[in-house]
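Novice: Letter by letter, the chains look like this.
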Amino acid sequence: MTSSEAIQHAATEFIRDRRPLESFVYGLLRDAPAAEDLLQEVWVRLAAEVEKGTHLENQAAWCRGVARHLALRYWEKQRKAKVVADSALLESFIARAEEAFAEADATPEAWAARQEALVACVAALPERSRRLLNLKYFDRESIENIATVLGQSFAAVKKALFRLRCVLLECVERKLRQAPP
Amino acid sequence: MNFDELLDHWRHGEMNDAELAELTHRLATREGRARLRQDWFLEVSLPAALQAASTPQTAPAVPPGWIAAWRAATTAATRWRPAWRWAAGMATLAVAAVCLWHLRPGLLRKSDSQSLTATAAAQPLGSATEDDLRDLALLVAEPPVVVLNPPPAAWLAVLTDMTELHRK
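Residue numbers (the numbering used here), protein chains in the order written: chain C, 1 to 181; chain V, 1 to 168.
If you're looking for bench data, these hints aren't it; they were derived computationally from the structure.
Cβ atoms here follow ideal geometry from the backbone N, Cα and C, with glycine treated the same way.
All clues given are correct.
Simulated coverage check for chain V against chain C, where a stretch passes if three residues somewhere in it have a Cβ under 8 Å from a Cβ of chain C:
#: 1; stretch: 15-23
#: 2; stretch: 40-49
Not the full set, but computed from the structure, chain C residues with beta-carbon under 8 Å of chain V:
#: 3; residue: E22
#: 4; residue: F24
#: 5; residue: A97
#: 6; residue: L118
#: 7; residue: L133
To give an idea of the chain C side of the interface with chain V (calculated C-beta under 10 Å), a few residues:
#: 8; residue: R19
#: 9; residue: P20
#: 10; residue: V25
#: 11; residue: Y26
#: 12; residue: A32
#: 13; residue: L89
#: 14; residue: L90
#: 15; residue: A95
#: 16; residue: R96
#: 17; residue: A104
#: 18; residue: R114
#: 19; residue: C121
#: 20; residue: L169
#: 21; residue: V172
With the hints as constraints, model all of the structure from the sequences given.
Specialist: Below you can see the structure in the form of structure tokens.
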């Protein structure tokens with residue numbers, strides 16, 4: 001396999017496994033632009049590794065490992081801004097999170113089924129709830145701004161979002177359980 | 001504090017050391033790790049799910065054959081291109097419509113005659129109903145598709161570009 005073919009192959013696999021990696025990175029960083037940068041960095045490192053001729057037994061795991069190190073570095077920088085807690089604790093949390101994604105139902109079909117179930121659950125929500133979710137997750141408004149727009153208190157918006165997330169999580173799991181194997 | 005509340009605190013950056021220790025401890029179980037996965041998946045997938053769920057689910061009117069073919073071609077051609085290309089495509093469509101206007105009755109097949117859009121296209125503007133014109137306007141003015149989660153081919157193009165940039 002030529003270097004270019006190897007990169008093409010790695011890219012195909014990277015795209016196939018992007019859902020769990022995105023979830024892992026975004027969950028760890030909680031910041032969309034930072035997560036996007038980190039994912040790009042993972043790809044650049046992967047491409048460099050493949051170009052060197054390294055054979056990766058499990059590319060998804062390799063990418064997750066790189067992402068974990070980069071996430072730790074990200075939080076190291078944030079710690080200087082006194083945002084994060086004890087580093088050993090954070091490290092073990094991130095390691096546990098990596099473990100969670102390592103044992104995931106990580107076939108692309110499973111993630112696609114999950115996405116499909118989520119769309120159905122969101123579609124079944126009342127308009128008011130969808131508006132709230134749109135403001136938070138589509139328009140990326142802060143909870144303060146949403147509270148102002150909806151004329152509600154900060155605590156009420158936060159609680160409503162929390163409940164909606166719980167409802168959606170339960171709904172997705174129920175739909176996946178009901179789906180034929 | 002239950003597991004979902006701990007995850008919520010993590011998400012909002014409101015977690016103290018004791019809570020982080022508690023969350024890490026709960027991730028020792030398989031159920032805990034599954035819940036974390038589901039929660040983080042939800043966080044990253046909601047924007048696309050909201051967009052997909054807001055797409056009207058009503059069955060669209062079936063356009064006549066030649067219009068359907070044109071729409072398919074323009075959609076495919078414009079999905080991943082900047083807006084100016086879409087505008088150029090629409091301009092081409094307008095020119096083609098003007099050039100082919102006199103041929104319009106012959107272009108309609110039998111099944112087309114049942115379509116409001118086709119009827120509107122075939123009629124002189126003065127005799128078309130308001131609904132016909134609205135349907136036609138919607139058809140012609142359809143904006144380019146905005147896709148938040150690009151399909152694999154687009155990802156591949158982005159990754160290839162990134163690799164090239166990195167090499168340079």
